[in-house]
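A.B. asks: So the protein sequences, as listed, match chains L and Y. Following our numbering, the numbering of the first sequence begins with 73 at its first residue and continues without gaps. Following our numbering, the numbering of the second sequence begins with 73 at its first residue and continues without gaps.
Think of the hints as simulated: they come from the structure by calculation, not from any bench. Warning: the hint list may mix true and false statements.
Identical chains share a label here; the pair holds if one copy fits it or two copies do between them.
[Said to hold, decoys possible] Think about it this way: if two alpha-carbon atoms lie no more than 30 Å apart in a straight line, the pair counts; the simulated DSS-like pairs of lysine-lysine are:
(1) Lys150 - Lys350
(2) Lys95 - Lys195
(3) Lys285 - Lys150
(4) Lys304 - Lys165
(5) Lys328 - Lys165
(6) Lys328 - Lys201
(7) Lys95 - Lys385
(8) Lys201 - Lys402
(9) Lys278 - Lys165
(10) Lys150 - Lys284
(11) Lys111 - Lys382
(12) Lys450 - Lys219
(13) Lys402 - Lys150
(14) Lys387 - Lys226
(15) Lys414 - Lys226
(16) Lys385 - Lys304
(17) Lys168 - Lys150
(18) Lys223 - Lys387
(19) Lys285 - Lys223
(20) Lys95 - Lys74
(21) Lys336 - Lys150
(22) Lys336 - Lys443
(23) Lys111 - Lys434
(24) Lys382 - Lys158
(25) Lys168 - Lys434
(26) Lys304 - Lys74
(27) Lys158 - Lys111
(28) Lys147 - Lys400
(29) Lys219 - Lys328
(30) Lys305 - Lys74
Protein chains: 2
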Amino acid sequence: MKNYVLTPGPVPVPEFVMLEMAKPIIHHRTEEFEAIFSKATEGLKKVFMTKEEVLILASSGTGAMDAAISNTLSKGDKALVINGGKFGERWLKICKAYGVETIEHKVEWGHAVQPLQIKEILKGNSDIKAILVQASETSTGVEHPIKDIAKLTKDRNDIILIVDGITAVGAFPVEFDNWGIDILIGGSQKAFMMPPGLAFIVLSQKAWEFSKKSDLPKFYLDLTQAHKNSLKKTSPWTPAVTLVIGLNAVLGYFDKIGLESLFKRHAILSEATVEGFKAIGLENFAEGCTSTALSVIKAPEGVDASLIIKGLKEKYGMIVAGGQDQAKGKIFRITHMGYVDKGDIIAVIAGVEGILSELGHKFDSGAGVAKATSILDKL
Amino acid sequence: MKNYVLTPGPVPVPEFVMLEMAKPIIHHRTEEFEAIFSKATEGLKKVFMTKEEVLILASSGTGAMDAAISNTLSKGDKALVINGGKFGERWLKICKAYGVETIEHKVEWGHAVQPLQIKEILKGNSDIKAILVQASETSTGVEHPIKDIAKLTKDRNDIILIVDGITAVGAFPVEFDNWGIDILIGGSQKAFMMPPGLAFIVLSQKAWEFSKKSDLPKFYLDLTQAHKNSLKKTSPWTPAVTLVIGLNAVLGYFDKIGLESLFKRHAILSEATVEGFKAIGLENFAEGCTSTALSVIKAPEGVDASLIIKGLKEKYGMIVAGGQDQAKGKIFRITHMGYVDKGDIIAVIAGVEGILSELGHKFDSGAGVAKATSILDKL
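This is chain L alone, in the form it adopts within the complex (with noise of 0.2 Å):
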């Protein structure tokens, strides 16, 4: 059976960039890829939306996050950590595991953090020297409020705004130098629809005043050698040269559809799938402050998401991600990043009506796939 890969990351890879890939290996210490290298960094930075370095790191994502702490806080200090899923958790344990002290700010799933709760926080707690967060939450579909928080630190020498822009970055916009954020992470396997491999990871001239004072040891992770060595075109290891090659080739083809013809269409696939289930009357699980990179469905009440799940698979091939935690059997979810397009949405809505229908669930039939294609229209 053809799988369709339709998972918030890995996505599907198109295949231009998976033949750019099986080409015959090139050594890193060349000028050949040190001009593929210096071309992807550049390509990064139009789409990190930034005039700084954005580092490529071989590492996947969670490398990236690690770094961004042990390279500019020290043990002691203390950030403020938005917890509101699965990836918020992480930073709280990456923060344990260097010894950062933390407050967490508890978000229900599926919902967006309040910055003006976030403002209450700073006043009672100024010696708060990072905040931590997600651009999107992959785990809940949710975007957070990252323009609006930065307002609450940029114009602050003494605190940090750190994002895990993981599936954000590339999916919409995200503006680094605009708003005032001090650390953005991407990683390669979600809206640079590549395999995964590759973070990224940028800091603004105040986040490189944090690394001058961190007391954390690092050696891999070493944001400063990497800043160092991606200035001379190179990394201070061994690249993962393949990755790189393809991740040039992606931010070639994104160059040459713009940026806003991508999050344009990520935000059309977004509309037409919340929209597309909801005329079947399954609700999108991150109501009001949803991400476009991902489409979070609620599964029917009475109806359990693992049965969707393995529907969607075993009937047609189809793999979605299903819930985690707490989440685990209410949710199923899509990506909108990657190497998807209108006949993966349709299909995948029409997928989840036969299962339905099987399960003995009514609804209107049809009523799924007529609301996406017709919102499709607008690709």
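Since chain L is already given, all that's left is putting chain Y on it; use the hints.
C.D. replies: Chain Y in isolation, oriented as in the chain L frame:
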């Protein structure tokens, strides 16, 4: 011009591996990928010659070197670093980053460490917690006598032997269990004939005991997490999916041809290269302690090695590596690892003969190729 990558990492990747990795991506939290991950882990155990779990990290080899220290040692611990080249130096830098004290034992570049000297140092420093060494020092082409060094540590519970086997594991036998090594590290872009992006690391039970006492902070490179997840056929963070798929294909190939035949292949390519160059008067930089993973050849007296390297590239599209630091301009380095064969070795020797002729260097023209060819007949 066709390019012939002959550097000791990255090495040429077989076409079947590149094409395997170019297949449509799969999700990592699936039975399908777990089967591949687990099969790759089992395959690695054979190459690492161990019953212990070999961990697959999404990083370059330096990531695993970092992890070896940050997971087993503590701040203020004392380590003996065998420094006989660029990668020996790296151990020093990692220790420094983590506040691990070092006793540096310098070894002349191109020479192997004497186990007797290590024995003496250990006698005078009973508080040494770890010995850090390379099995094959890529910058010099030297094989260090790991088996004999392990005899000094394996019966002691208060010291571990940490071996960077990045350019050794898969190239020649490094018997982790039999010799009593405590940590052994490999990298994808060496004898595993893969693109860079994966590192491998295995720990003895003694090393795991050390890890329980280590007070150095770590998160992304936390090997206890990697170990716990590896036993469940997965990794704690998103794995580099396509690279793991490629690795599995390579390990399947190793199974088919047999490890002995792989080791023998490197040995014959090494002998042919070394003897071939000797026949035209070029010396082996690592005489008497030659790693069969690569050949490191001295440029003739009065000839700058960079002219040979530049000539090979410009005239024949052959990419070989030069010397680093103190060996710059004095040597050139040729891989025997990866997808290279008899024709590559004959061609590069013939290429060097051609360039030396042009430079007016006197030698027995054709003798290098003839000697190499006669040895390559054994393959």
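A.B. asks: Now tell me, hint by hint, if it's right for this structure.
C.D. replies: Consistency of the hints with the structure:
In this homomeric assembly, lysine 150 and lysine 350 never come within 30 Å of each other (Cα to Cα): the closest approach is 42 Å inside a single copy and 63 Å across copies. Proximity of lysine 95 and lysine 195 under a CA criterion of 30 Å is satisfied in neither setting, with 55 Å inside one chain copy and 53 Å between copies. In this homomeric assembly, lysine 285 and lysine 150 come within 30 Å of each other (Cα to Cα) both inside a single copy, at 14 Å, and across copies, at 26 Å. In the homo-oligomer, the alpha carbons of lysine 304 and lysine 165 lie at most 30 Å apart only across protomers (21 Å), although the nearest pairing inside one protomer, at 34 Å, exceeds that limit.
For a Cα distance limit of 30 Å, the shortest separation of lysine 328 from lysine 165 qualifies neither inside one copy, at 40 Å, nor across copies, at 43 Å. Taking CA atoms no more than 30 Å apart as the test, lysine 328 paired with lysine 201 passes in neither setting, with 40 Å inside one copy and 56 Å between copies. For a Cα distance limit of 30 Å, the shortest separation of lysine 95 from lysine 385 across copies, 19 Å, qualifies, whereas the shortest one inside one copy, 32 Å, does not. Taking identical chains as interchangeable, the C-alpha atoms of lysine 201 and lysine 402 are never at most 30 Å apart, the minima being 36 Å within one chain and 51 Å between chains.
For a Cα distance limit of 30 Å, the shortest separation of lysine 278 from lysine 165 qualifies both inside one copy, at 24 Å, and across copies, at 27 Å. When the C-alpha separation of lysine 150 and lysine 284 is checked against a cutoff of 30 Å, the pair qualifies both within a copy, at 17 Å, and between copies, at 26 Å. For a Cα distance limit of 30 Å, the shortest separation of lysine 111 from lysine 382 across copies, 25 Å, qualifies, whereas the shortest one inside one copy, 42 Å, does not. In this assembly of identical chains, the alpha carbons of lysine 450 and lysine 219 lie at most 30 Å apart only when taken from the same copy (27 Å versus 67 Å across copies).
In this assembly of identical chains, the alpha carbons of lysine 402 and lysine 150 never lie at most 30 Å apart, being 34 Å within a copy and 52 Å across copies at closest. Taking identical chains as interchangeable, the C-alpha atoms of lysine 387 and lysine 226 are never at most 30 Å apart, the minima being 51 Å within one chain and 55 Å between chains. For the homomeric pair lysine 414 and lysine 226, neither the shortest alpha-carbon distance inside one copy (39 Å) nor that between copies (61 Å) is at most 30 Å. In this assembly of identical chains, lysine 385 and lysine 304 lie within 30 Å of each other by CA distance solely across copies; the values are 22 Å between and 46 Å within a copy.
Taking CA atoms no more than 30 Å apart as the test, lysine 168 paired with lysine 150 passes in both settings, with 11 Å inside one copy and 26 Å between copies. Proximity of lysine 223 and lysine 387 under a CA criterion of 30 Å is satisfied in neither setting, with 48 Å inside one chain copy and 58 Å between copies. Taking identical chains as interchangeable, the C-alpha atoms of lysine 285 and lysine 223 lie at most 30 Å apart only when both belong to the same chain, with a minimum of 24 Å there against 43 Å between chains. In the homo-oligomer, the alpha carbons of lysine 95 and lysine 74 lie at most 30 Å apart both inside one protomer (25 Å) and across protomers (12 Å), since each shortest distance falls under that limit.
For the identical chains of this complex, lysine 336 and lysine 150 are neighbours neither inside a copy (38 Å) nor across copies (57 Å), given an alpha-carbon limit of 30 Å. Within a single copy, lysine 336 and lysine 443 get their C-alpha atoms as close as 18 Å, which meets the 30 Å cut-off; across copies the closest is 64 Å, which misses it. Proximity of lysine 111 to lysine 434 under the C-alpha cut-off of 30 Å is found in neither arrangement, the shortest distances being 53 Å within a copy and 44 Å between copies. Taking the closest pair of Cα atoms, lysine 382 and lysine 158 come within 30 Å of each other only inside a single copy of the chain (22 Å); across copies the shortest separation is 52 Å, beyond that limit.
Neither within a single protomer nor between protomers do lysine 168 and lysine 434 lie at most 30 Å apart by alpha-carbon distance, with minima of 47 Å and 66 Å respectively. Only between protomers do lysine 304 and lysine 74 lie at most 30 Å apart by alpha-carbon distance; the minimum there is 27 Å, versus 44 Å within a single protomer. With identical chains, the CA atoms of lysine 158 and lysine 111 are at most 30 Å apart between copies only, with a shortest distance of 29 Å across copies and 34 Å within one. Taking identical chains as interchangeable, the C-alpha atoms of lysine 147 and lysine 400 are never at most 30 Å apart, the minima being 35 Å within one chain and 41 Å between chains.
For a Cα distance limit of 30 Å, the shortest separation of lysine 219 from lysine 328 inside one copy, 27 Å, qualifies, whereas the shortest one across copies, 56 Å, does not. For the identical chains of this complex, lysine 305 and lysine 74 are inter-copy neighbours only, at 24 Å across copies versus 40 Å inside a copy, given an alpha-carbon limit of 30 Å.
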